[in-house]
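> Here are the chains, one letter per residue:
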Amino acid sequence: MINPNEDGNDEMETKTTPSSLSDVANATKARKQPGSGALGVGLEARGIHAWFGDKLVLRDISLDFWSGTVTALIGPSGCGKSTFIRTLNRMHEFIPGAAMAGEVLLNGQDIYEQGTDVTKIRLKVGMVFQKPNPFPSMTIADNVLAGLKLAQLKTENKDDLLEECLERAGLWNEVKDRLNAYGGSLSGGQQQRLCIARSLAVRPEVLLMDEPCSALDPGSTLKIEETIQHLSSSMTIIIVTHNMQQAARVSDYTGFFLSDGGPGELVEVGPTSEIFSRPKDTRTENYVTGRFG
Amino acid sequence: MSTVTVPKVKPTRPWKRTPKQQALMAANLLISAVVSYFVVLATPMKGKLAYLAIFFIAVIAINFAESYFKSGLAAAKDSIATSFAAAGLIIAVVPIFSILFTIFDRGRAGLNFNLFLHDMKSNGPNDPLGQGGLLHALVGSGIMVGIALLISLPIGILTAIYLTEIKGIYSRPIKFLVQAMSGVPSIVAGLFILSAIVFPITKSSSGLMGGLALSILMIPTIARTSEEVLLLIPNDLREAGVALGGTQWRTISLIVVPAAKSGLITATILGLARVAGETAPLVLVSGGGDAVNPNPFHAPMGSLPFYIWKGFTYGTPESIARSWAGIFVLLSLIFLLFIAARTLSGSGAKK
Numbered sequence: 001m002i003n004p005n006e007d008g009n010d011e012m013e014t015k016t017t018p019s020s021l022s023d024v025a026n027a028t029k030a031r032k033q034p035g036s037g038a039l040g041v042g043l044e045a046r047g048i049h050a051w052f053g054d055k056l057v058l059r060d061i062s063l064d065f066w067s068g069t070v071t072a073l074i075g076p077s078g079c080g081k082s083t084f085i086r087t088l089n090r091m092h093e094f095i096p097g098a099a100m101a102g103e104v105l106l107n108g109q110d111i112y113e114q115g116t117d118v119t120k121i122r123l124k125v126g127m128v129f130q131k132p133n134p135f136p137s138m139t140i141a142d143n144v145l146a147g148l149k150l151a152q153l154k155t156e157n158k159d160d161l162l163e164e165c166l167e168r169a170g171l172w173n174e175v176k177d178r179l180n181a182y183g184g185s186l187s188g189g190q191q192q193r194l195c196i197a198r199s200l201a202v203r204p205e206v207l208l209m210d211e212p213c214s215a216l217d218p219g220s221t222l223k224i225e226e227t228i229q230h231l232s233s234s235m236t237i238i239i240v241t242h243n244m245q246q247a248a249r250v251s252d253y254t255g256f257f258l259s260d261g262g263p264g265e266l267v268e269v270g271p272t273s274e275i276f277s278r279p280k281d282t283r284t285e286n287y288v289t290g291r292f293g
Numbered sequence: 001m002s003t004v005t006v007p008k009v010k011p012t013r014p015w016k017r018t019p020k021q022q023a024l025m026a027a028n029l030l031i032s033a034v035v036s037y038f039v040v041l042a043t044p045m046k047g048k049l050a051y052l053a054i055f056f057i058a059v060i061a062i063n064f065a066e067s068y069f070k071s072g073l074a075a076a077k078d079s080i081a082t083s084f085a086a087a088g089l090i091i092a093v094v095p096i097f098s099i100l101f102t103i104f105d106r107g108r109a110g111l112n113f114n115l116f117l118h119d120m121k122s123n124g125p126n127d128p129l130g131q132g133g134l135l136h137a138l139v140g141s142g143i144m145v146g147i148a149l150l151i152s153l154p155i156g157i158l159t160a161i162y163l164t165e166i167k168g169i170y171s172r173p174i175k176f177l178v179q180a181m182s183g184v185p186s187i188v189a190g191l192f193i194l195s196a197i198v199f200p201i202t203k204s205s206s207g208l209m210g211g212l213a214l215s216i217l218m219i220p221t222i223a224r225t226s227e228e229v230l231l232l233i234p235n236d237l238r239e240a241g242v243a244l245g246g247t248q249w250r251t252i253s254l255i256v257v258p259a260a261k262s263g264l265i266t267a268t269i270l271g272l273a274r275v276a277g278e279t280a281p282l283v284l285v286s287g288g289g290d291a292v293n294p295n296p297f298h299a300p301m302g303s304l305p306f307y308i309w310k311g312f313t314y315g316t317p318e319s320i321a322r323s324w325a326g327i328f329v330l331l332s333l334i335f336l337l338f339i340a341a342r343t344l345s346g347s348g349a350k351k
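Here the protein sequences line up with chains L and Y, keeping their order.
Residues 1 to 293 (our numbering) make up the first sequence, in order.
Residues 1 to 351 (our numbering) make up the second sequence, in order.
Just so you know, these hints were derived from the structure itself, not from any lab.
Keep in mind that a hint or two might mislead.
In silico SDA-like links for lysine to any residue, alpha-carbon gap of 20 Å or less [claimed, not checked]:
1) L:Lys131 <-> Y:Ala33
2) L:Lys124 <-> L:Leu148
3) Y:Lys167 <-> L:Ile95
4) Y:Lys48 <-> Y:Phe69
5) L:Lys154 <-> L:Thr119
6) L:Lys149 <-> Y:Leu254
7) Y:Lys175 <-> L:Pro96
8) Y:Lys261 <-> L:Thr139
This is chain L alone, in the form it adopts within the complex:
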């Protein structure tokens, strides 16, 4: 949902008119209160620590994500936002030397418990990456349905699922006539929406997005933000972004991460409108008003 009065994506805006950000946030985010949109499921992080080798990069992050909400994680580069969301679907363990502590509860069940089928966790907690990464050996249709093949899921009607996922990702109209073209033939923004469609096909409850628009032009960014808005009614979305206007536009809640040279910590979290208009912590205020970071 984009406020038509919001003028442009220019980062400079944040420096001069911090109030315009909070206006947007107020106007679009008043619709939800913590817990009100709950569908009975959710994701909770409890005391997450993360290490790379001996280096502690995240300290004691506890954060709840209600179903049907969009949570934006903001903060300067290197403060551990991406590391944090990668602990939420157990992608963190793919980095050599990685270690973690804490619990991630999905519907009350710790995903790090011994004996958990990690592939089932990743089916429920999907992920969209920073750089669009469609599978190069597959067509557009095969890309969308790749998750079914990978996880060996059955579906009754592949064509319906294909159309539904591309529709939800806002890509159907652009690709419906060339579903058998290779994914690599699409533009960057289309590729990213294809990746979103691909994540949707396995029907995740949570979608993690790691700076999904940082490699895209403003037009594509806008489309992806619209997609996020559409999706947020039916799933939990957690988005890492460097673009504070984007956080203000798409999210219900915002968490601010910061690292002062040491491990990254969660400085403040709250409804997006409050983070941008009345942050409790001066560091948050400095960051969202563009005074540092």
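Based on the hints, put chain Y in the right spot on chain L.
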């Protein structure tokens, strides 16, 4: 289209040599040739090599002088470096073309269509060139390289997958071993099969033994090339596959290997080309043989390198001509394999 007339601008390439500069270069080459002619005439030096050496020195000296007077010492040094690089290129390329030309020139005499229809079972080394052929060698090479491929392809690619995807605790020593193995002299592979299988078990040479020996040489080639190909696949794709709920094995087989397909085919063809010309191990364990033998489990089996080697050992003019023809055929096959590898890897890169 707009109706505004645009002044005609001719495209130019100011960074290219002007005709005047080209003439200067040609003059340089000409003067160098004349100088080298007279120097060889006036001194006791003799032969093509002397001409060539003095020609190079003259070209470099004239280039140096020209650059020095025109643009100073830095440019002159630059021109020397360029000249040496060009000389190195020529020194490297001349022998290659010389070899290719020799093979074509000598192989021509023995080439005829009968080569591909007959074997040597009823022909001796003194028979005229039109009789007999190398069908048995072609069939044997095909079978033995095929056996080697059947063994090496899965082992080589699985090794590469272990090294790049699974990254188990043994990957370092295995990587080291694979690299060391690719430097193993081919006769060692033959000796290994000879002492490990032929002497203690089968007690006779056969095509299978030849294939086994070749696979020892082929596995490291395929494993190393495949490893490099798999390393080029962006990590994003692996993460995306796993994030969609795929197990590691399904991600590798459905995403990573298909993405690397053209590169893996190239790796395979390079492995084939590597072993197709191996002679030493086949001399030891395949037994040679002059008749077409399609059974790799029984009786000696011929091969192209063996055919070439045997022809030269007979020493008659006819058998030597046959060997040159065999070299020509073998080289053409390897050349075709390399072209196939280039074409396939090229078509993969476009996507």
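> Run every hint past the structure and note whether it holds.
Evaluation of the provided hints:
| no. | hint | result |
| --- | --- | --- |
| 1 | L:Lys131 <-> Y:Ala33 | violated (59 Å) |
| 2 | L:Lys124 <-> L:Leu148 | holds (13 Å) |
| 3 | Y:Lys167 <-> L:Ile95 | holds (12 Å) |
| 4 | Y:Lys48 <-> Y:Phe69 | violated (32 Å) |
| 5 | L:Lys154 <-> L:Thr119 | holds (16 Å) |
| 6 | L:Lys149 <-> Y:Leu254 | holds (8 Å) |
| 7 | Y:Lys175 <-> L:Pro96 | holds (18 Å) |
| 8 | Y:Lys261 <-> L:Thr139 | holds (15 Å) |
The structure fails hints 1 and 4 (numbered hints given earlier, in ascending order).
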